[in-house]
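Visitor: The lines below spell out each chain.
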Amino acid sequence: MATESKTAELTELEQFRKDNGLALQEERPLTTLNLGPTHPATHGIFQNILQMDGEKIVDAVPTIGYIHRAFEKIAERRPFYQITPLTDRMNYCSSPINNMGYHMTVEKLLGITVPKRAQYIRVIMMELARISDHLICNSILGVDSGAFTGFLYVMQEREHIYDIYEEVCGARLTTNMGRIGGMERDLSPKALHLIGEFLNRFPKVWAEFEKMMTRNRIFMDRTTGVGAISAERALNYGFTGPNLRAAGVDYDVRVMNPYSSYEDFEFEIPVGSNGDTYDRFLVRNEEVWQSLKIIEQAYKNLPEGSYHADAPHYYLPPKQEVYTNMEALIYHFKIVMGETDAPVGEVYHSVEGGNGELGFYLISDGGRTPYRLHFRRPCFIYYQAYTEMIKGGQLADAILTLSSLNVIAGELDA
Amino acid sequence: MELTNENVLGKIISKFGEENIWDAFSPDGIMTITTNRASIIDLIQYLYDDEELQIRFLTTMCGIHYPDHKGKELCVMYQLHSLRHNYRIRIKVFMPADDAVMPTLTNLYATSNWMERETFDFYGVKFVGHPNLTRILNIEEMEYHPMLKQYPLEDQTREDKIDTYFGR
Numbered sequence: 001m002a003t004e005s006k007t008a009e010l011t012e013l014e015q016f017r018k019d020n021g022l023a024l025q026e027e028r029p030l031t032t033l034n035l036g037p038t039h040p041a042t043h044g045i046f047q048n049i050l051q052m053d054g055e056k057i058v059d060a061v062p063t064i065g066y067i068h069r070a071f072e073k074i075a076e077r078r079p080f081y082q083i084t085p086l087t088d089r090m091n092y093c094s095s096p097i098n099n100m101g102y103h104m105t106v107e108k109l110l111g112i113t114v115p116k117r118a119q120y121i122r123v124i125m126m127e128l129a130r131i132s133d134h135l136i137c138n139s140i141l142g143v144d145s146g147a148f149t150g151f152l153y154v155m156q157e158r159e160h161i162y163d164i165y166e167e168v169c170g171a172r173l174t175t176n177m178g179r180i181g182g183m184e185r186d187l188s189p190k191a192l193h194l195i196g197e198f199l200n201r202f203p204k205v206w207a208e209f210e211k212m213m214t215r216n217r218i219f220m221d222r223t224t225g226v227g228a229i230s231a232e233r234a235l236n237y238g239f240t241g242p243n244l245r246a247a248g249v250d251y252d253v254r255v256m257n258p259y260s261s262y263e264d265f266e267f268e269i270p271v272g273s274n275g276d277t278y279d280r281f282l283v284r285n286e287e288v289w290q291s292l293k294i295i296e297q298a299y300k301n302l303p304e305g306s307y308h309a310d311a312p313h314y315y316l317p318p319k320q321e322v323y324t325n326m327e328a329l330i331y332h333f334k335i336v337m338g339e340t341d342a343p344v345g346e347v348y349h350s351v352e353g354g355n356g357e358l359g360f361y362l363i364s365d366g367g368r369t370p371y372r373l374h375f376r377r378p379c380f381i382y383y384q385a386y387t388e389m390i391k392g393g394q395l396a397d398a399i400l401t402l403s404s405l406n407v408i409a410g411e412l413d414a
Numbered sequence: 415m416e417l418t419n420e421n422v423l424g425k426i427i428s429k430f431g432e433e434n435i436w437d438a439f440s441p442d443g444i445m446t447i448t449t450n451r452a453s454i455i456d457l458i459q460y461l462y463d464d465e466e467l468q469i470r471f472l473t474t475m476c477g478i479h480y481p482d483h484k485g486k487e488l489c490v491m492y493q494l495h496s497l498r499h500n501y502r503i504r505i506k507v508f509m510p511a512d513d514a515v516m517p518t519l520t521n522l523y524a525t526s527n528w529m530e531r532e533t534f535d536f537y538g539v540k541f542v543g544h545p546n547l548t549r550i551l552n553i554e555e556m557e558y559h560p561m562l563k564q565y566p567l568e569d570q571t572r573e574d575k576i577d578t579y580f581g582r
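Going down the list, the sequences are from chains H and L. Under this note's numbering, the residues of the first sequence are numbered 1 to 414, in order. Under this note's numbering, the residues of the second sequence are numbered 415 to 582, in order.
No lab work stands behind these hints: they were computed from the structure. All C-beta atoms in this analysis are idealised placements derived from N, C-alpha and C, irrespective of residue type, glycine included. Check each hint, because a few of them may be wrong.
Claimed, not checked - Under the rule of at most 27 angstroms between Cα atoms (straight-line distance), these lysine-lysine pairs were calculated in the DSS-like manner:
no.: 1; chain 1: H; residue 1: K204; chain 2: H; residue 2: K190
no.: 2; chain 1: H; residue 1: K204; chain 2: H; residue 2: K293
no.: 3; chain 1: H; residue 1: K319; chain 2: H; residue 2: K108
no.: 4; chain 1: H; residue 1: K73; chain 2: L; residue 2: K540
no.: 5; chain 1: L; residue 1: K540; chain 2: H; residue 2: K18
no.: 6; chain 1: H; residue 1: K108; chain 2: L; residue 2: K563
no.: 7; chain 1: H; residue 1: K204; chain 2: H; residue 2: K300
no.: 8; chain 1: H; residue 1: K56; chain 2: H; residue 2: K18
no.: 9; chain 1: L; residue 1: K506; chain 2: H; residue 2: K108
no.: 10; chain 1: L; residue 1: K506; chain 2: H; residue 2: K73
no.: 11; chain 1: H; residue 1: K319; chain 2: H; residue 2: K190
no.: 12; chain 1: L; residue 1: K563; chain 2: H; residue 2: K73
no.: 13; chain 1: L; residue 1: K429; chain 2: L; residue 2: K486
no.: 14; chain 1: L; residue 1: K486; chain 2: H; residue 2: K73
no.: 15; chain 1: L; residue 1: K484; chain 2: H; residue 2: K73
Stated by the list, open to error - Pairwise CB distance ranges, derived in the manner of DEER restraints:
no.: 16; chain 1: H; residue 1: R69; chain 2: L; residue 2: W436; range: 32 to 40 angstroms
no.: 17; chain 1: L; residue 1: G431; chain 2: H; residue 2: P343; range: 30 to 38 angstroms
no.: 18; chain 1: L; residue 1: L522; chain 2: H; residue 2: W289; range: 33 to 41 angstroms
no.: 19; chain 1: H; residue 1: P343; chain 2: L; residue 2: A438; range: 14 to 22 angstroms
no.: 20; chain 1: L; residue 1: K540; chain 2: H; residue 2: E197; range: 52 to 60 angstroms
no.: 21; chain 1: H; residue 1: R233; chain 2: L; residue 2: E557; range: 33 to 41 angstroms
no.: 22; chain 1: L; residue 1: D463; chain 2: H; residue 2: T38; range: 42 to 50 angstroms
no.: 23; chain 1: H; residue 1: F148; chain 2: L; residue 2: D437; range: 51 to 59 angstroms
no.: 24; chain 1: L; residue 1: D512; chain 2: H; residue 2: T174; range: 35 to 43 angstroms
no.: 25; chain 1: L; residue 1: M415; chain 2: H; residue 2: N34; range: 47 to 55 angstroms
Unchecked claim - Covered, in the sense of this in silico footprint (three residues per stretch, anywhere, with C-beta under 8 angstroms from a C-beta of chain L), are these stretches of chain H:
no.: 26; region: 67–75
no.: 27; region: 228–239
Build out the structure end to end from the sequences listed, making use of the hints.
Guide: This is the structure:
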């Protein structure tokens with residue numbers, strides 16, 4: 001064998017292959033290919049070192065951590081409020097879900113009950129975020145398969161969702177509209193109007209997008225049977241969200257452990273059967289329709305009442321009150337300076353994020369900061385199955401698989 | 415059998431004995447138990463295999479550091495979920511910092527591969543039998559495990575700061 005005679009003196013490349021358990025060159029020379037870290041099709045900074053036999057992928061070594069920002073470490077030094085900006089930088093395609101998931105975790109620790117109106121507003125915002133997350137994922141899947149038009153059709157709608165965010169909180173991407181105990185402010189008439197407008201307009205756009213992609217022969221050929229994973233393997237890998245449902249398991253946190261009044265709404269859980277790229281696309285498509293249904297219900301039945309809980313020690317008062325009300329100013333100061341302690345406790349809360357079960361595990365030792373905060377990040381879990389999913393396939397299929405898994409680098413590395 | 419915390423705890427204790435399962439409490443409704451290194455893999459395997467429990471989903475896992483607890487400074491927490499019964503359970507294993515060794519769970523759950531690498535990266539817990547126990551989020555050249563409490567971040571409320579360094 002050629003490899004044996006070479007073992008005495010390994011080249012740098014061969015040494016790398018040996019260290020990472022990759023096959024050494026045998027009768028046919030394998031090509032080592034770097035996919036990423038900054039390849040346009042990886043949509044983020046992570047690397048895959050592929051072993052190629054022609055166009056076929058023989059093996060792959062994923063490397064992550066390029067944008068690791070040590071959120072879990074930073075969180076141990078921050079008062080509870082100041083952790084919010086860390087969470088919305090994880091999955092930046094659907095930051096309200098991350099924010100509110102974190103806020104609900106802290107509320108669980110503090111034992112705060114949020115009024116119905118605030119819960120409904122949260123549901124509206126979280127579902128809008130889910131739509132914008134799925135919208136990006138599916139339209140970028142089109143781009144990766146060569147269909148740029150779909151992306152152009154729907155990207156305008158994401159802007160409209162961001163307009164709603166902007167009206168609600170002032171920011172478009174890294175939203176901080178939630179507070180521990182409710183919302184920062186009530187939905188303004190303009191925000192309600194924008195949401196209503198969105199509900200009228202968006203179904204038409206999404207139907208058009210579906211019409212273009214779903215039964216498209218080229219798109220189907222490119223995605224059917226690509227990057228498939230069985231339900232059993234998906235569960236073993238800890239998949240959740242659309243990627244698990246595409247494999248045929250109807251696990252949805254919103255239904256199994258309802259939070260924020262999700263039990264009030266009627267919606268279905270779309271389920272696929274093959275767990276391939278096409279099914280993941282279909283499941284996300286259908287989920288957008290279901291999200292619209294939820295928003296419609298919440299929008300129509302928005303209860304009257306307060307938009308925040310009566311918890312002055314923890315609820316950061318709205319700015320207008322801080323300017324005009326002495327108590328609000330005092331509490332604002334105390335909360336911002338982190339002078340209010342949380343009770344001793346240990347709590348896990350999970351929400352259905354844009355791409356799966358986003359969990360927060362929080363240990364409080366009674367101080368003003370969490371003793372330990374661990375994020376259960378769905379992307380971190382998907383990406384380790386990626387190697388197994390692309391093995392034996394072609395390079396072009398690997399791109400589509402990655403795109404349909406919706407791995408967001410910010411969440412992967414946290 | 416209805417899966418309540420008492421029932422499950424009773425079942426686990428009758429199988430593994432009180433010397434291996436202790437400190438059971440449920441801080442947020444999720445039952446939390448402590449076990450030892452020798453039983454942890456068998457315990458998780460048992461929860462997986464048992465027909466009544468069917469706890470077959472590893473939700474998350476992480477390390478925790480308690481520098482003040484002598485002899486059990488490091489902790490590894492596993493959180494499992496039975497999708498059939500919608501029942502969650504949390505298992506903790508404590509160990510001394512100078513003997514931070516754990517058996518690997520990768521033979522049962524593929525997902526624990528990267529979780530264990532993350533725990534090793536952050537806390538230095540060595541998982542025996544892990545196929546590729548290397549750092550995952552930090553660089554290979556790093557010589558310490560950054561989530562340990564002896565590497566604090568700067569505290570905003572510290573009083574021993576020298577103002578001139580901060581332009582005050």
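Visitor: State for each hint whether it applies.
Guide: Consistency of the hints with the structure:
1. H/K204 - H/K190: Holds - the C-alpha atoms of H/K190 and H/K204 are around 22 angstroms apart, at most 27 angstroms.
2. H/K204 - H/K293: holds, 14 angstroms
3. H/K319 - H/K108: Since the Cα atoms of H/K319 and H/K108 sit roughly 25 angstroms apart, the hinted pair holds (cutoff 27 angstroms).
4. H/K73 - L/K540: holds, 20 angstroms
5. L/K540 - H/K18: holds, 22 angstroms
6. H/K108 - L/K563: holds, 26 angstroms
7. H/K204 - H/K300: Status holds; Cα separation ~20 angstroms.
8. H/K56 - H/K18: Holds, at roughly 20 angstroms.
9. L/K506 - H/K108: Measuring from Cα to Cα gives roughly 21 angstroms; hence the hint holds.
10. L/K506 - H/K73: holds, 20 angstroms
11. H/K319 - H/K190: Distance ~19 angstroms between H/K319 and H/K190 Cα, so the pair holds.
12. L/K563 - H/K73: This hinted pair holds, its Cα atoms lying about 9 angstroms apart.
13. L/K429 - L/K486: holds, 25 angstroms
14. L/K486 - H/K73: holds, 21 angstroms
15. L/K484 - H/K73: Answer holds: L/K484 to H/K73 is near 23 angstroms, not above 27 angstroms.
16. H/R69 - L/W436: 32 to 40 angstroms: holds, 37 angstroms
17. L/G431 - H/P343: 30 to 38 angstroms: holds, 33 angstroms
18. L/L522 - H/W289: 33 to 41 angstroms: Check passed, 37 angstroms falls within 33 to 41 angstroms.
19. H/P343 - L/A438: 14 to 22 angstroms: For L/A438 against H/P343, whose Cβ atoms are near 20 angstroms apart, the range 14 to 22 angstroms holds.
20. L/K540 - H/E197: 52 to 60 angstroms: Since L/K540 and H/E197 have Cβ atoms about 57 angstroms apart, the given range 52 to 60 angstroms holds.
21. H/R233 - L/E557: 33 to 41 angstroms: holds, 36 angstroms
22. L/D463 - H/T38: 42 to 50 angstroms: holds, 45 angstroms
23. H/F148 - L/D437: 51 to 59 angstroms: Holds: the Cβ-Cβ distance is about 58 angstroms, inside 51 to 59 angstroms.
24. L/D512 - H/T174: 35 to 43 angstroms: holds, 42 angstroms
25. L/M415 - H/N34: 47 to 55 angstroms: Holds: the Cβ-Cβ distance is about 53 angstroms, inside 47 to 55 angstroms.
26. 67–75: holds (count 5)
27. 228–239: Coverage by chain L holds here, the residue count being 5 at a Cβ distance below 8 angstroms.
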